[in-house]
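J.: Just so you know, the sequences run in chain order A and B.
So that you can map any letter, position 75 of the first sequence is 77 in our numbering, and since no number is skipped, the others follow by simple counting.
So that you can map any letter, position 119 of the second sequence is 265 in our numbering, and since no number is skipped, the others follow by simple counting.
Honestly, the hints are just simulated from the structure, not real lab data.
Computed from a predicted model, the values in this text were never measured in an experiment.
Glycine is no exception: its CB is placed at the ideal position from the N, C-alpha and C atoms.
Careful: at least some of the hints might be erroneous.
Restraint ranges, calculated between C-beta atoms of paired labels, are given here [as the list claims (entries may be wrong)]:
{"#": "1", "chain 1": "A", "residue 1": "104", "chain 2": "B", "residue 2": "248", "range": "43 to 51 Å"}
{"#": "2", "chain 1": "B", "residue 1": "163", "chain 2": "A", "residue 2": "51", "range": "17 to 25 Å"}
{"#": "3", "chain 1": "B", "residue 1": "176", "chain 2": "A", "residue 2": "10", "range": "38 to 46 Å"}
{"#": "4", "chain 1": "A", "residue 1": "96", "chain 2": "B", "residue 2": "266", "range": "42 to 50 Å"}
{"#": "5", "chain 1": "B", "residue 1": "236", "chain 2": "A", "residue 2": "104", "range": "26 to 34 Å"}
{"#": "6", "chain 1": "A", "residue 1": "104", "chain 2": "B", "residue 2": "224", "range": "43 to 51 Å"}
{"#": "7", "chain 1": "B", "residue 1": "231", "chain 2": "A", "residue 2": "22", "range": "39 to 47 Å"}
{"#": "8", "chain 1": "A", "residue 1": "51", "chain 2": "B", "residue 2": "287", "range": "31 to 39 Å"}
{"#": "9", "chain 1": "B", "residue 1": "152", "chain 2": "A", "residue 2": "89", "range": "20 to 28 Å"}
{"#": "10", "chain 1": "A", "residue 1": "51", "chain 2": "B", "residue 2": "237", "range": "17 to 25 Å"}
{"#": "11", "chain 1": "A", "residue 1": "108", "chain 2": "B", "residue 2": "224", "range": "49 to 57 Å"}
Simulated pairs of lysine to any residue, SDA-like, Cα-Cα distance not exceeding 25 Å [claimed, not checked]:
{"#": "12", "chain 1": "B", "residue 1": "287", "chain 2": "A", "residue 2": "42"}
{"#": "13", "chain 1": "A", "residue 1": "43", "chain 2": "A", "residue 2": "99"}
{"#": "14", "chain 1": "B", "residue 1": "177", "chain 2": "A", "residue 2": "45"}
{"#": "15", "chain 1": "B", "residue 1": "261", "chain 2": "B", "residue 2": "285"}
{"#": "16", "chain 1": "B", "residue 1": "261", "chain 2": "A", "residue 2": "34"}
{"#": "17", "chain 1": "B", "residue 1": "176", "chain 2": "A", "residue 2": "23"}
{"#": "18", "chain 1": "B", "residue 1": "176", "chain 2": "B", "residue 2": "149"}
{"#": "19", "chain 1": "B", "residue 1": "177", "chain 2": "A", "residue 2": "88"}
Not the full set, but computed from the structure, chain B residues with beta-carbon under 10 Å of chain A [as the list claims (entries may be wrong)]:
{"#": "20", "residue": "161"}
{"#": "21", "residue": "162"}
{"#": "22", "residue": "166"}
{"#": "23", "residue": "168"}
{"#": "24", "residue": "220"}
{"#": "25", "residue": "255"}
{"#": "26", "residue": "262"}
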Amino acid sequence: MTVSDIRQILKAQVYCEGDPDREVHTACGSDMMSDVLAFVKDQSVLLTGLINPQVVRTAEMMDMVCIVFVRGKRPDDTIIELAEERGIALLSTPYRLFTACGLLYEHGLRGGCEAP
Amino acid sequence: MNILQMSYEVPGDDFTHAGEASSATKRALKKLGISPAVVRNVAIAMYEGEINMVIHAGGGHIDLSVTPDAVTMVLTDHGPGIPDVEKAMQNGWSTASAEVRSMGFGAGMGLPNMKKYTDEMHIDTEVGRGTTITMTVYLNKA
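This is chain A alone, in the form it adopts within the complex:
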């Protein structure tokens, strides 16, 4: 799945393009950034209802390639600029967190930290 596929599946608006052809291997849905920071994943997308610059910082530290804001939330200019500097794609989907995660799961994306 690519960033561009995620945009289509989630009917998302693009606020920062990043690299649309970049492959995404795993996903994480959370509003708590320390929970996101607790599990390293490979080429991951972050879905969140939280909207502040620390979401981009968290994604940056984790080498994540894409952030999806749920429930149609729009990032402000500070957030967009930070994402542009770091080459991280920023999308906004009208779906809620649970539904957005479910749609990506249905299309084959996984969490990358399966239960034992």
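Starting from the known structure of chain A, arrange chain B on it as the hints suggest.
T.: Just chain B, lined up with the frame of chain A:
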């Protein structure tokens, strides 16, 4: 022998700019050609520490040094100190305010994450005086 030495002032109560030291560190370590996994571990640990300084201690100071063997971070603040380090090291234990939680932190994962991503971590803290956390990540793990 130090390959790189950097230090940062972390401003207190400036949530928007929190993480800039970790971000600059991450870019500097990448430039040195250090493996992405090690760079990420250092960045995550420092970022959690930096956020802690901003939300609990009114800011602080970070010294970073890189030798051929290890990356060492020393985070110093003059905040309230940690009354019970053992408790603070438990997953989910937090004293963060509702405001901090609404910003996505204060889940009680900060110190445990810092320990998880580093090879050595030492906490020197005194209530009323402040906290110094020293963390080391080795570059060449056997």
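J.: Are the hints correct? Go through all of them and say.
T.: For each hint, the structure was consulted:
| no. | hint | verdict |
| --- | --- | --- |
| 1 | A/104 <-> B/248: 43 to 51 Å | violated (25 Å) |
| 2 | B/163 <-> A/51: 17 to 25 Å | holds (23 Å) |
| 3 | B/176 <-> A/10: 38 to 46 Å | violated (32 Å) |
| 4 | A/96 <-> B/266: 42 to 50 Å | holds (46 Å) |
| 5 | B/236 <-> A/104: 26 to 34 Å | holds (32 Å) |
| 6 | A/104 <-> B/224: 43 to 51 Å | holds (47 Å) |
| 7 | B/231 <-> A/22: 39 to 47 Å | holds (46 Å) |
| 8 | A/51 <-> B/287: 31 to 39 Å | holds (37 Å) |
| 9 | B/152 <-> A/89: 20 to 28 Å | holds (23 Å) |
| 10 | A/51 <-> B/237: 17 to 25 Å | holds (23 Å) |
| 11 | A/108 <-> B/224: 49 to 57 Å | holds (51 Å) |
| 12 | B/287 <-> A/42 | holds (19 Å) |
| 13 | A/43 <-> A/99 | holds (19 Å) |
| 14 | B/177 <-> A/45 | holds (20 Å) |
| 15 | B/261 <-> B/285 | holds (16 Å) |
| 16 | B/261 <-> A/34 | holds (19 Å) |
| 17 | B/176 <-> A/23 | holds (23 Å) |
| 18 | B/176 <-> B/149 | holds (13 Å) |
| 19 | B/177 <-> A/88 | holds (15 Å) |
| 20 | 161 | holds (7 Å) |
| 21 | 162 | holds (5 Å) |
| 22 | 166 | holds (8 Å) |
| 23 | 168 | holds (6 Å) |
| 24 | 220 | violated (19 Å) |
| 25 | 255 | holds (3 Å) |
| 26 | 262 | holds (7 Å) |
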